[in-house]
Amino acid sequence: MRKKAAKKRPLLPDPRFNDQLVTRFVNMMMWDGKKSVAFKVFYDAIDIVESKKSDEEKTALDTWKDALSNVMPHVEVRSRRVGGATFQIPMQIRPDRKVSTAMKWLISYSRKRNEKSMAQRLASEILAAAKEEGAAVKKRVDTHKMAEANKAFSHFRF
1 MRKKAAKKRP LLPDPRFNDQ LVTRFVNMMM WDGKKSVAFK VFYDAIDIVE SKKSDEEKTA
61 LDTWKDALSN VMPHVEVRSR RVGGATFQIP MQIRPDRKVS TAMKWLISYS RKRNEKSMAQ
121 RLASEILAAA KEEGAAVKKR VDTHKMAEAN KAFSHFRF
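Taken in order, the sequence shown gives residues 1 to 158; the numbers are from the UniProt record's numbering.
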(Lines of atoms letter the chains of each structure in order from A; the text may use other names.)
(Lines give C-alpha, C1' and ligand atoms only; values in the text may rest on other atoms or scores of the structure.)
Protein backbone atom coordinates (compact mmCIF):
# COMPACT_ATOMS: atom_id res chain seq x y z
CA MET A 1 0.00 0.00 0.00
CA ARG A 2 1.32 3.43 -0.93
CA LYS A 3 -0.86 5.40 1.44
CA LYS A 4 -1.73 4.59 5.00
CA ALA A 5 -5.36 4.09 5.97
CA ALA A 6 -7.26 7.27 6.87
CA LYS A 7 -7.65 7.94 10.57
CA LYS A 8 -11.14 7.64 12.00
CA ARG A 9 -12.36 11.08 12.99
CA PRO A 10 -14.04 11.25 16.38
CA LEU A 11 -17.77 12.03 16.19
CA LEU A 12 -19.28 14.55 18.54
CA PRO A 13 -22.22 13.17 20.51
CA ASP A 14 -25.59 14.71 19.69
CA PRO A 15 -26.96 17.54 21.86
CA ARG A 16 -30.16 15.88 23.11
CA PHE A 17 -29.19 12.27 23.93
CA ASN A 18 -25.40 12.72 24.13
CA ASP A 19 -24.96 9.68 21.87
CA GLN A 20 -22.44 9.26 19.04
CA LEU A 21 -24.60 6.68 17.27
CA VAL A 22 -27.34 9.30 16.84
CA THR A 23 -24.84 11.71 15.26
CA ARG A 24 -23.68 8.98 12.89
CA PHE A 25 -27.29 8.27 11.89
CA VAL A 26 -28.06 11.97 11.38
CA ASN A 27 -24.88 12.41 9.30
CA MET A 28 -26.06 9.58 7.06
CA MET A 29 -29.56 11.03 6.78
CA MET A 30 -28.35 14.55 6.03
CA TRP A 31 -28.74 16.00 2.53
CA ASP A 32 -26.67 18.89 1.11
CA GLY A 33 -24.87 19.50 4.41
CA LYS A 34 -28.09 20.52 6.17
CA LYS A 35 -27.31 18.99 9.54
CA SER A 36 -29.75 21.06 11.61
CA VAL A 37 -32.59 19.98 9.32
CA ALA A 38 -31.50 16.33 9.66
CA PHE A 39 -31.35 16.66 13.47
CA LYS A 40 -34.85 18.19 13.51
CA VAL A 41 -36.21 15.32 11.39
CA PHE A 42 -34.57 12.73 13.66
CA TYR A 43 -35.76 14.35 16.90
CA ASP A 44 -39.30 14.76 15.53
CA ALA A 45 -39.28 11.09 14.53
CA ILE A 46 -38.11 10.10 18.02
CA ASP A 47 -40.94 12.20 19.53
CA ILE A 48 -43.47 10.44 17.27
CA VAL A 49 -42.02 7.05 18.32
CA GLU A 50 -42.34 8.16 21.97
CA SER A 51 -46.04 8.89 21.50
CA LYS A 52 -46.82 5.74 19.47
CA LYS A 53 -44.71 3.05 21.15
CA SER A 54 -46.42 0.20 22.95
CA ASP A 55 -43.65 -0.83 25.39
CA GLU A 56 -43.82 1.58 28.35
CA GLU A 57 -40.55 0.82 30.15
CA LYS A 58 -38.41 1.50 27.05
CA THR A 59 -37.51 5.00 25.90
CA ALA A 60 -37.92 6.04 22.27
CA LEU A 61 -34.12 5.98 21.87
CA ASP A 62 -34.05 2.35 23.09
CA THR A 63 -36.78 1.53 20.57
CA TRP A 64 -34.63 3.12 17.83
CA LYS A 65 -31.58 1.11 18.94
CA ASP A 66 -33.67 -2.10 18.96
CA ALA A 67 -34.89 -1.29 15.46
CA LEU A 68 -31.30 -0.75 14.34
CA SER A 69 -30.14 -4.06 15.80
CA ASN A 70 -33.10 -5.85 14.16
CA VAL A 71 -32.07 -4.46 10.77
CA MET A 72 -28.35 -5.29 11.18
CA PRO A 73 -27.18 -8.06 8.83
CA HIS A 74 -24.63 -10.62 10.09
CA VAL A 75 -23.59 -12.13 6.77
CA GLU A 76 -23.59 -10.82 3.22
CA VAL A 77 -22.62 -12.18 -0.18
CA ARG A 78 -19.61 -10.83 -2.02
CA SER A 79 -18.86 -11.47 -5.67
CA ARG A 80 -15.63 -13.33 -6.44
CA ARG A 81 -14.35 -14.48 -9.81
CA VAL A 82 -12.95 -18.00 -9.78
CA GLY A 83 -11.78 -19.40 -13.09
CA GLY A 84 -14.03 -17.32 -15.33
CA ALA A 85 -17.16 -17.83 -13.23
CA THR A 86 -18.47 -15.28 -10.72
CA PHE A 87 -19.59 -16.76 -7.41
CA GLN A 88 -21.61 -15.10 -4.66
CA ILE A 89 -19.61 -15.96 -1.54
CA PRO A 90 -21.18 -15.51 1.92
CA MET A 91 -18.93 -13.60 4.33
CA GLN A 92 -19.13 -12.27 7.88
CA ILE A 93 -19.55 -8.49 8.14
CA ARG A 94 -17.30 -6.22 10.20
CA PRO A 95 -19.14 -4.65 13.17
CA ASP A 96 -18.86 -1.06 11.91
CA ARG A 97 -20.15 -2.11 8.49
CA LYS A 98 -23.10 -3.90 10.14
CA VAL A 99 -24.14 -0.66 11.83
CA SER A 100 -23.70 1.54 8.77
CA THR A 101 -25.55 -0.95 6.53
CA ALA A 102 -28.44 -1.07 9.01
CA MET A 103 -28.57 2.74 9.09
CA LYS A 104 -28.50 3.01 5.30
CA TRP A 105 -31.34 0.51 4.94
CA LEU A 106 -33.45 2.15 7.66
CA ILE A 107 -33.04 5.58 6.06
CA SER A 108 -33.56 4.46 2.45
CA TYR A 109 -36.69 2.43 3.23
CA SER A 110 -38.02 5.32 5.35
CA ARG A 111 -37.63 7.61 2.33
CA LYS A 112 -39.61 5.16 0.18
CA ARG A 113 -42.61 5.14 2.54
CA ASN A 114 -45.63 7.29 1.74
CA GLU A 115 -46.41 9.23 4.89
CA LYS A 116 -46.56 13.04 4.84
CA SER A 117 -43.21 14.08 6.37
CA MET A 118 -39.81 12.42 6.62
CA ALA A 119 -40.11 12.41 10.42
CA GLN A 120 -43.34 10.39 10.20
CA ARG A 121 -41.82 8.01 7.65
CA LEU A 122 -38.74 7.45 9.79
CA ALA A 123 -40.84 6.98 12.93
CA SER A 124 -43.08 4.37 11.32
CA GLU A 125 -40.09 2.50 9.86
CA ILE A 126 -38.42 2.52 13.30
CA LEU A 127 -41.58 1.20 14.96
CA ALA A 128 -41.96 -1.49 12.29
CA ALA A 129 -38.30 -2.54 12.58
CA ALA A 130 -38.55 -2.68 16.37
CA LYS A 131 -41.39 -5.20 15.93
CA GLU A 132 -39.26 -7.25 13.46
CA GLU A 133 -41.34 -6.18 10.45
CA GLY A 134 -41.08 -3.55 7.74
CA ALA A 135 -39.04 -3.23 4.55
CA ALA A 136 -35.64 -2.78 6.22
CA VAL A 137 -36.00 -6.01 8.23
CA LYS A 138 -37.18 -7.79 5.08
CA LYS A 139 -33.98 -6.63 3.37
CA ARG A 140 -31.91 -8.17 6.18
CA VAL A 141 -33.85 -11.44 5.95
CA ASP A 142 -33.35 -11.52 2.16
CA THR A 143 -29.62 -10.88 2.58
CA HIS A 144 -29.35 -13.75 5.06
CA LYS A 145 -31.35 -16.04 2.74
CA MET A 146 -29.02 -15.16 -0.13
CA ALA A 147 -25.99 -16.04 2.03
CA GLU A 148 -27.63 -19.29 3.14
CA ALA A 149 -28.42 -20.25 -0.45
CA ASN A 150 -24.79 -19.68 -1.49
CA LYS A 151 -23.26 -21.47 1.49
CA ALA A 152 -21.89 -24.13 -0.87
CA PHE A 153 -19.39 -21.61 -2.26
CA SER A 154 -18.05 -20.52 1.13
CA HIS A 155 -14.86 -22.53 0.55
CA PHE A 156 -13.86 -19.88 -2.05
CA ARG A 157 -13.44 -17.33 0.74
CA PHE A 158 -10.35 -15.15 0.43
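For the record, the hints were derived by calculation from the structure and aren't laboratory data. All of these numbers come straight from a predicted model, not from anything done at the bench. There could be a bad hint or two in this list.
As a list, the in silico BS3-like pairs of lysine-lysine whose alpha-carbon atoms are at most 25 Å apart [said to hold, decoys possible]: (1) LYS34 <-> LYS65; (2) LYS53 <-> LYS131; (3) LYS98 <-> LYS116; (4) LYS131 <-> LYS104; (5) LYS104 <-> LYS139; (6) LYS98 <-> LYS58; (7) LYS151 <-> LYS131; (8) LYS138 <-> LYS53; (9) LYS138 <-> LYS52; (10) LYS34 <-> LYS131.
Checked hints:
1. LYS34 <-> LYS65: holds, 23 Å
2. LYS53 <-> LYS131: holds, 10 Å
3. LYS98 <-> LYS116: violated, 29 Å
4. LYS131 <-> LYS104: With a Cα-Cα distance of about 19 Å, the restraint between LYS131 and LYS104 holds, given a limit of 25 Å.
5. LYS104 <-> LYS139: holds, 11 Å
6. LYS98 <-> LYS58: The hint holds at about 23 Å.
7. LYS151 <-> LYS131: violated, 28 Å
8. LYS138 <-> LYS53: OK: LYS138 and LYS53 at ~21 Å, within 25 Å.
9. LYS138 <-> LYS52: Status holds; Cα separation ~22 Å.
10. LYS34 <-> LYS131: violated, 31 Å
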